[in-house]
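Line by line, the protein sequences give chains R and G.
Numbering-wise, my numbering puts 4 at position 4 of the first sequence, and it's gapless, one number per residue.
Numbering-wise, my numbering puts 43 at position 43 of the second sequence, and it's gapless, one number per residue.
Everything labelled a hint here was simulated from the structure, so no lab data went into it.
Any given hint could be a false lead.
[Said to hold, decoys possible] Selected chain R positions facing chain G (Cβ under 7 Å, derived; list incomplete):
id: 1; residue: G81
id: 2; residue: L84
id: 3; residue: A118
id: 4; residue: L190
id: 5; residue: E194
id: 6; residue: A314
id: 7; residue: V321
id: 8; residue: F323
id: 9; residue: N324
[Stated by the list, open to error] A few chain R positions that, by computed beta-carbon distances, are all more than 12 Å from chain G:
id: 10; residue: P30
id: 11; residue: A41
id: 12; residue: Q47
id: 13; residue: D49
id: 14; residue: G73
id: 15; residue: T92
id: 16; residue: A114
id: 17; residue: S150
id: 18; residue: R179
id: 19; residue: F222
id: 20; residue: K250
id: 21; residue: Q307
id: 22; residue: S320
id: 23; residue: D327
Don't be surprised by glycine CBs; every beta carbon is placed ideally from N, CA and C.
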Amino acid sequence: MRRALVATLCLIAGPAVAGVDAALDEHVLPGTARFAERAAAFEDAAQEDCSAEALRPAYHDAFDAWLGIAHLGLGPLEDGGRGLAIAFWPDTRGMVDRTVRRLVADEDPATSDADAFAEVSVAGRGLFAAERLLFDADYAGYAEGDYTCSLVRAVAKDLSRMAAAVASEWREDFAPLMREAGSDGNTRFLSEREAAQALFTTLVTGLEFVADRRLGVPMGSFDAPRPQMAEARRSGRSLRNVVGYLEALKELARTLSDAPIPQTEAAFAQALETARELEDPVFAGVETPVGRLRVEALQTEVDAITQAVGSEIAPALGVSVGFNSADGD
Amino acid sequence: MPSRRAFIAGLVAAAGSPALSWADAGAPSYLAAAREADETFALFGLDAAGHDLFRVPLPGRGHAAAAHPDAPEAVFFARRPGRFALVIDCARGREIRRLRPPEGRHFYGHGAFLAGGDILATSENHIDSGEGRIGLWSRSEGYARIGEIASGGIGPHEIRAVSDDLLVVANGGIRTHPDSGREKLNLETMSPSLVYLSMSGRIEEEVALDPALHLNSIRHLAVAPDGQVAFAMQWQGAPSDGVPLLGLHRRGGPPVLAEAGLAEQIALEGYAGSVAVSGDGRTVAFTAPRGGRLHVFDAAGRFLAAHRRADICGVAPGTALSAAGFLATDGLGGVMAADTDGLRPRAAPDRAWDNHLVRVGQAAA
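Using the sequences plus the hints, can you model the full thing?
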């Protein structure tokens with residue numbers, strides 16, 4: 001009888017979910033606050049001097065901060081397509097190019113009004129629209145008073161506004177919603193486990209995105225590599241981004257797990273070491289057999305991290321990867 | 001000469017079978033399979049609010065079920081490439097038949113009842129040729145195989161009865177071979193289609209997409225009370241392409257593709273899981289488990305709403321009490337009422353609901 005009672009209590013208590021608070025306090029909230037700060041600094045810099053040369057350092061800072069939260073594809077970043085408006089990638093249909101070109105050709109007056117600019121297509125906003133303007137030869141040499149200058153300022157202001165909204169919504173609304181998972185009236189997270197599951201899903205999805213797209217898209221196939229599709233290649237950031245994404249995902253993994261995670265730590269260390277030694281900043285090497293092999297090795301090591309978090313962190317949280325989303329039928 | 005239906009009904013009566021109805025199984029409104037916390041699988045009957053009515057153990061993970069229009073019988077299909085389907089007596093809670101496809105065929109995971117429930121149709125692969133087949137089985141003869149017809153394409157997936165002797169078939173267009181699992185063998189040339197088939201095998205109408213969308217595999221179907229067909233697709237190009245994943249079709253007309261704004265389209269990850277038309281026929285919903293979305297459209301294909309829920313996949317029409325809405329299920333155990341306004345949790349048992357939620361008692365006109 002006593003044994004049966006204990007078993008029942010264990011079932012009710014379920015697995016430990018302490019990782020949610022730690023992930024919010026030590027990863028999500030500092031990360032979103034940092035991105036808001038850096039995006040505001042980018043906006044300030046653009047107001048002061050819109051020239052590409054002057055703005056590039058602040059642009060890189062803002063992008064670096066974005067790497068820390070890009071994987072948080074739930075809550076404030078998915079509202080109104082914000083995640084895509086901040087970072088429209090992979091751009092498989094060439095929409096950033098088309099949209100920015102159109103804005104400039106038409107001298108679209110949306111740049112003079114923040115509300116109007118927020119209605120511009122997500123492909124014409126955020127970090128990748130800014131990258132075109134600051135790094136692409138087609139727009140080089142613009143000056144104060146040119147339309148391109150006002151477009152740069154509008155993009156920076158819009159980015160800063162979105163980053164501030166993401167940070168405040170996480171702080172005020174979405175983090176409390178996750179902490180109160182399972183409480184009456186919380187229709188988003190029906191149990192504590194669902195909140196843990198949601199954060200774990202961002203970890204796995206983030207890792208898969210690095211392997212399959214950030215690395216996989218420029219790799220293309222052996223016969224048809226696509227280095228021109230590498231993320232942020234115009235600003236020379238493709239590899240720097242992969243390192244930053246992995247660092248952020250490592251931080252999330254550490255905060256989510258109460259217990260030591262030696263396999264996960266080792267897998268991250270291995271992939272990060274390989275990435276740092278790659279010396280191929282925009283994955284141009286995928287066009288040669290040897291270069292491709294090296295990027296593929298990194299991809300395999302990122303897949304190994306996914307395996308490690310699945311076997312080490314998921315059971316401790318009582319969660320798993322998507323039952324239907326991973327099925328594919 | 002008596003009609004085929006009356007003839008078969010006579011056979012059933014002569015055999016003295018007790019004519020049980022769905023009421024004998026607790027009058028479920030829905031069927032859904034799930035993986036339970038102990039990793040075993042079962043089929044559940046749910047009431048209109050999504051609460052359990054019965055549970056029948058299953059030997060493994062399934063894909064979809066077909067509910068008989070009157071008798072408390074469900075045919076439950078294995079995941080593709082499926083080598084069996086189970087006929088389950090939901091009133092007595094047991095398997096009464098195990099269907100195996102003939103030599104050289106495998107099931108694709110869906111089926112539908114025709115002819116008032118006398119005929120079961122199953123989507124199948126003729127493995128050697130890769131051509132789609134629809135297998136026909138006679139319920140009154142103990143689910144004996146009585147024939148097969150060509151599906152009019154490759155990779156037929158979901159099939160639905162439009163009327164007593166007319167099927168609509170989603171030919172996904174993707175050739176697979178069981179020796180290579182789910183590997184897609186013909187992406188460059190794939191050409192999905194929506195085909196209306198009479199039971200005699202005549203193609204009454206065939207609908208194809210614009211060639212630019214030939215990578216959009218037509219997979220899942222729903223039929224509105226007025227006969228309009230809703231079809232959900234799975235894009236085989238880049239997940240970030242943001243192409244439409246829902247189509248609507250009326251007999252004799254062109255297909256109408258329906259989509260939300262660009263950011264929402266891209267968020268779907270190119271993958272729709274299930275589709276349903278509300279009982280009043282006014283709204284259409286589809287799920288996107290990879291994007292964690294349920295999208296709602298009106299019957300003309302205008303976007304109405306996007307709701308978020310991780311791993312949401314099953315969706316079926318609401319019951320008479322919620323004729324304007326839907327019921328949806330997800331891989332975390334959630335059962336939710338859904339309509340244009342939002343998702344409202346109804347139950348959250350500790351189990352992972354499988355891909356599809358099946359409405360009981362929605363016989364074809």
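Verification of the hints:
| no. | hint | result |
| --- | --- | --- |
| 1 | G81 | holds (2 Å) |
| 2 | L84 | holds (5 Å) |
| 3 | A118 | violated (12 Å) |
| 4 | L190 | holds (4 Å) |
| 5 | E194 | holds (6 Å) |
| 6 | A314 | violated (14 Å) |
| 7 | V321 | violated (9 Å) |
| 8 | F323 | holds (3 Å) |
| 9 | N324 | holds (4 Å) |
| 10 | P30 | holds (24 Å) |
| 11 | A41 | holds (26 Å) |
| 12 | Q47 | holds (27 Å) |
| 13 | D49 | holds (31 Å) |
| 14 | G73 | violated (9 Å) |
| 15 | T92 | violated (4 Å) |
| 16 | A114 | holds (18 Å) |
| 17 | S150 | holds (24 Å) |
| 18 | R179 | holds (18 Å) |
| 19 | F222 | holds (17 Å) |
| 20 | K250 | holds (23 Å) |
| 21 | Q307 | holds (20 Å) |
| 22 | S320 | violated (8 Å) |
| 23 | D327 | violated (6 Å) |
The structure shown violates the earlier hints numbered 3, 6, 7, 14, 15, 22, 23.
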